[in-house]
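Residue numbers (my numbering), protein chains in the order written: chain A, 1 to 469; chain B, 1 to 469.
Errors might be hidden in some of the hints.
Which copy? The list can't say, so a pair holds if one copy fits it or any two copies do.
To be verified - Taking lysine to any residue and the SDA-like style, the derived pairs with C-alpha atoms no more than 25 Å apart in a straight line are: (1) Lys323 to Leu37; (2) Lys323 to Asp333; (3) Lys74 to Asp443; (4) Lys74 to Gly442.
Don't read these hints as lab results, they were simulated from the structure.
Number of protein chains: 2
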Amino acid sequence: MGLANITAGPRNEAGIATAIGILGQRFAERLSTGEALRAQHAHTTTYIPAQWPDAVIFAETSDEVQLIVRTCAKHRVPVIPFGAGTSLEGHVNAPRGGICIDLTRMNRVIEVNQEDLDCTVEPGITREDLNIALRDTGLFFPIDPGANATIGGMASTRASGTNAVRYGTMKDNVLAVTAVTADGRHIRTAQRARKSSAGYDLTRLFVGAEGTLGVLTSVTLRLQGIPQAISGGVCPFPSVEAACQAVIMTIQMGIPVARIELLDALQMKACNAYSGLDYAEQPSLFVEFHGSDAGVAEQAESFGEIAAECGGGEFTWTVEPEKRSRLWKARHDAYWASLQLRPGARGLSTDVCVPISQLAACVVETQEDLAAHDLTAPIVGHAGDGNFHVLLLIDVESPAEIAAAEAFVARLNERALRFEGTCTGEHGIGQGKQAYLPAELGDSVEIMRQIKRALDPDEIMNPGKVFAL
Amino acid sequence: MGLANITAGPRNEAGIATAIGILGQRFAERLSTGEALRAQHAHTTTYIPAQWPDAVIFAETSDEVQLIVRTCAKHRVPVIPFGAGTSLEGHVNAPRGGICIDLTRMNRVIEVNQEDLDCTVEPGITREDLNIALRDTGLFFPIDPGANATIGGMASTRASGTNAVRYGTMKDNVLAVTAVTADGRHIRTAQRARKSSAGYDLTRLFVGAEGTLGVLTSVTLRLQGIPQAISGGVCPFPSVEAACQAVIMTIQMGIPVARIELLDALQMKACNAYSGLDYAEQPSLFVEFHGSDAGVAEQAESFGEIAAECGGGEFTWTVEPEKRSRLWKARHDAYWASLQLRPGARGLSTDVCVPISQLAACVVETQEDLAAHDLTAPIVGHAGDGNFHVLLLIDVESPAEIAAAEAFVARLNERALRFEGTCTGEHGIGQGKQAYLPAELGDSVEIMRQIKRALDPDEIMNPGKVFAL
Numbered sequence: 001m002g003l004a005n006i007t008a009g010p011r012n013e014a015g016i017a018t019a020i021g022i023l024g025q026r027f028a029e030r031l032s033t034g035e036a037l038r039a040q041h042a043h044t045t046t047y048i049p050a051q052w053p054d055a056v057i058f059a060e061t062s063d064e065v066q067l068i069v070r071t072c073a074k075h076r077v078p079v080i081p082f083g084a085g086t087s088l089e090g091h092v093n094a095p096r097g098g099i100c101i102d103l104t105r106m107n108r109v110i111e112v113n114q115e116d117l118d119c120t121v122e123p124g125i126t127r128e129d130l131n132i133a134l135r136d137t138g139l140f141f142p143i144d145p146g147a148n149a150t151i152g153g154m155a156s157t158r159a160s161g162t163n164a165v166r167y168g169t170m171k172d173n174v175l176a177v178t179a180v181t182a183d184g185r186h187i188r189t190a191q192r193a194r195k196s197s198a199g200y201d202l203t204r205l206f207v208g209a210e211g212t213l214g215v216l217t218s219v220t221l222r223l224q225g226i227p228q229a230i231s232g233g234v235c236p237f238p239s240v241e242a243a244c245q246a247v248i249m250t251i252q253m254g255i256p257v258a259r260i261e262l263l264d265a266l267q268m269k270a271c272n273a274y275s276g277l278d279y280a281e282q283p284s285l286f287v288e289f290h291g292s293d294a295g296v297a298e299q300a301e302s303f304g305e306i307a308a309e310c311g312g313g314e315f316t317w318t319v320e321p322e323k324r325s326r327l328w329k330a331r332h333d334a335y336w337a338s339l340q341l342r343p344g345a346r347g348l349s350t351d352v353c354v355p356i357s358q359l360a361a362c363v364v365e366t367q368e369d370l371a372a373h374d375l376t377a378p379i380v381g382h383a384g385d386g387n388f389h390v391l392l393l394i395d396v397e398s399p400a401e402i403a404a405a406e407a408f409v410a411r412l413n414e415r416a417l418r419f420e421g422t423c424t425g426e427h428g429i430g431q432g433k434q435a436y437l438p439a440e441l442g443d444s445v446e447i448m449r450q451i452k453r454a455l456d457p458d459e460i461m462n463p464g465k466v467f468a469l
Numbered sequence: 001m002g003l004a005n006i007t008a009g010p011r012n013e014a015g016i017a018t019a020i021g022i023l024g025q026r027f028a029e030r031l032s033t034g035e036a037l038r039a040q041h042a043h044t045t046t047y048i049p050a051q052w053p054d055a056v057i058f059a060e061t062s063d064e065v066q067l068i069v070r071t072c073a074k075h076r077v078p079v080i081p082f083g084a085g086t087s088l089e090g091h092v093n094a095p096r097g098g099i100c101i102d103l104t105r106m107n108r109v110i111e112v113n114q115e116d117l118d119c120t121v122e123p124g125i126t127r128e129d130l131n132i133a134l135r136d137t138g139l140f141f142p143i144d145p146g147a148n149a150t151i152g153g154m155a156s157t158r159a160s161g162t163n164a165v166r167y168g169t170m171k172d173n174v175l176a177v178t179a180v181t182a183d184g185r186h187i188r189t190a191q192r193a194r195k196s197s198a199g200y201d202l203t204r205l206f207v208g209a210e211g212t213l214g215v216l217t218s219v220t221l222r223l224q225g226i227p228q229a230i231s232g233g234v235c236p237f238p239s240v241e242a243a244c245q246a247v248i249m250t251i252q253m254g255i256p257v258a259r260i261e262l263l264d265a266l267q268m269k270a271c272n273a274y275s276g277l278d279y280a281e282q283p284s285l286f287v288e289f290h291g292s293d294a295g296v297a298e299q300a301e302s303f304g305e306i307a308a309e310c311g312g313g314e315f316t317w318t319v320e321p322e323k324r325s326r327l328w329k330a331r332h333d334a335y336w337a338s339l340q341l342r343p344g345a346r347g348l349s350t351d352v353c354v355p356i357s358q359l360a361a362c363v364v365e366t367q368e369d370l371a372a373h374d375l376t377a378p379i380v381g382h383a384g385d386g387n388f389h390v391l392l393l394i395d396v397e398s399p400a401e402i403a404a405a406e407a408f409v410a411r412l413n414e415r416a417l418r419f420e421g422t423c424t425g426e427h428g429i430g431q432g433k434q435a436y437l438p439a440e441l442g443d444s445v446e447i448m449r450q451i452k453r454a455l456d457p458d459e460i461m462n463p464g465k466v467f468a469l
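Excised from the complex, chain A in its bound form (with noise of 0.2 Å):
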């Protein structure tokens, strides 16, 4: 598609066949040059034409990753972090070819401390792999971005998901990382202890830094104690702004939601089709509530009279798992369901997020313009930050739809910046983005240039990510 910045080159061709000569030396068949692995290290995911690297390596020690990048740094090499290869916007493509560094040998869990409710992990261990890790501790890591992505490349993309109206985002639950730069250092940007002033906040710059700023080789996380009880439910609502002024109010109540996911009414009648269910096909709320067991009946008998008030159906709630992920069936295979809307399109999502006193009136243009313009594009949102995802389907071999796609992801953009919102609440710029991050920010591009360029002036991290240099 036109708006991503794929722009190919320049390769430093004798750099390249330099460091993979070095490199291959110390990793032997750890290295790989051959055309199966370097596609499947590519971005794959989306619409954006992958770009392969020249080779891949697979990292096992923080040392590994510090020896490859200081060979790639000397020969003035790209370096490409390479975690679960789930991201959605082109991070992981290499434009001017380069090293792949396949991190997912690195999932270890270094540490777990129990009294602090921390741990410390490699970057490669997928959150599912965590949560699993930590079954006996009465812990668990709650960012869920939906896809099993790693923890090196959530840090990277500042991912969030379902719950982070309850637990925020990476931001909010990195406690420290570490990292070797483009210099070849290989830095720790905190301590263990839950706050700190000491300097700059070096961590939240690596969270969200696409892999442009070093290779991350552990993330310390914070942990939460598993609830004594969840409640679960659903509700439909007569429009959109009803749905968003129930949201509003509970937020505004301080009723701590765990999720508030948003399913527009064409959403709940792919629902209804690929599972078989019977849900109203209304735009829905569905919710979730942590905490003691008297907490979370409180809680959803709180959510369910502000439902009322907003106008809301029946409201259906429980606190048995079993039920509970019956109801939440439709939200958990969303996705799925949406492509059987038009079986052999292809999904392509976007990611805008607004303040939440605006998602309505967001939302409501937004489908205006879908049925203007005769697209098919059911919306699933995380109503509680604002943050929405509209699901274009389309025929990926029609430039005609292709180009009408990527027009409506313009307007949709430039519309989320109307209503003083961002063109990406948790995928990242990438490849992707590029295009609306100066209208967004203006001049702080420029200061993020000013960084990058500081920090790696030969541009070998992840080059061609988030903005052109």
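Assemble the complex: chain A is given as a structure, and chain B must be docked to it using the hints.
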């Protein structure tokens, strides 16, 4: 004191004279070179010697801030932002002279968005004035560092205080800032959406930068709904270890405690003497819970059970505001009570923060250190964060006492690092803590320097703070 980096100069005399001449024409009586004002705007709240600016300008608009910075940049003159002057580590000193921008006239509330629970304010408003302005909205700004600091100053030092355990620190509660950078740009770091993955997190970079990367001209803050009910109480414990164990269990159980403050036995003794109270002179926890009527009662009861399990004495608590104020009086008066332990002495505050599992050991070892060196110093801690302040009561006219205090502070900060903590939980580095930053963060400090050099190559923004370039 020797450990603070208060190295003066080099002064750019010609540039300073030129800038004052130019700005004097523009600001007339709002620029002052009078001794009284200059003295008042140098750091006076602690032992660190004052270093006066050459002039103080009372700015009233962002455009004026930009004009001042541009003029100073052109003539390479230091710019020192000034709010309430309550910082504790020499943040507003002018070791190379220059222009102090007094921001207290930029104290407007620019907008309040009740539905979004956010507001945007000018940097010179104090937190108390902000909460007065919010009175009729049902919302409040929770961060409470004790002093009535300005929002700009609190953002710049990454301040927190008693209820950070529930509401986070300034890093968690600033959504965006606008700032004038050293090159004279006026940037906005983020939109108003509650989360974003759009590029580097410049918001968090400016929060805690202590004015060394730019002058804040507005701050967009998250707000909280005023809780329906508050319960509060106090409980004595047989030992610091027992009290800390109760803190850990409270947090592990997921009880959303709003404040949980540790006062050691000496501090309780001081409070009894100062306020005519009869608390047990034992380590005690002061707790507060925010929520629904049922919620705060349930939380207080749960805490009571935990306290009993940990060997605590009677837990006295209430939901009645007046009784609650009485119960908390000792905590509120702690500082003044401490000073009365040694009339005429000056209180020097320390600020280490460690993982909460390490808090008891770190406090106990610190008490032993104080006893071994015959120092009088009560301890108050934000125990839920692992942050504690030792208030050294010393005769600042005695070089021997100053040297002893200095040696103690060095041991304390080294001890905090040994317990995986930080030399500053909430006060910042300023001039006073620079000696400890490299031991804490190693090569990360060099990354900070690279950022500083890139954004402020002539080192005009609050020079001599955080680190020497």
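Do the hints match the structure? See the list:
no.	hint	in the structure
1	Lys323 to Leu37	neither (42 Å within a copy, 69 Å between copies)
2	Lys323 to Asp333	within (16 Å within a copy, 52 Å between copies)
3	Lys74 to Asp443	between (32 Å within a copy, 20 Å between copies)
4	Lys74 to Gly442	between (34 Å within a copy, 23 Å between copies)
Comparing the model with each numbered hint stated earlier shows that hint 1 is the single one that does not hold.
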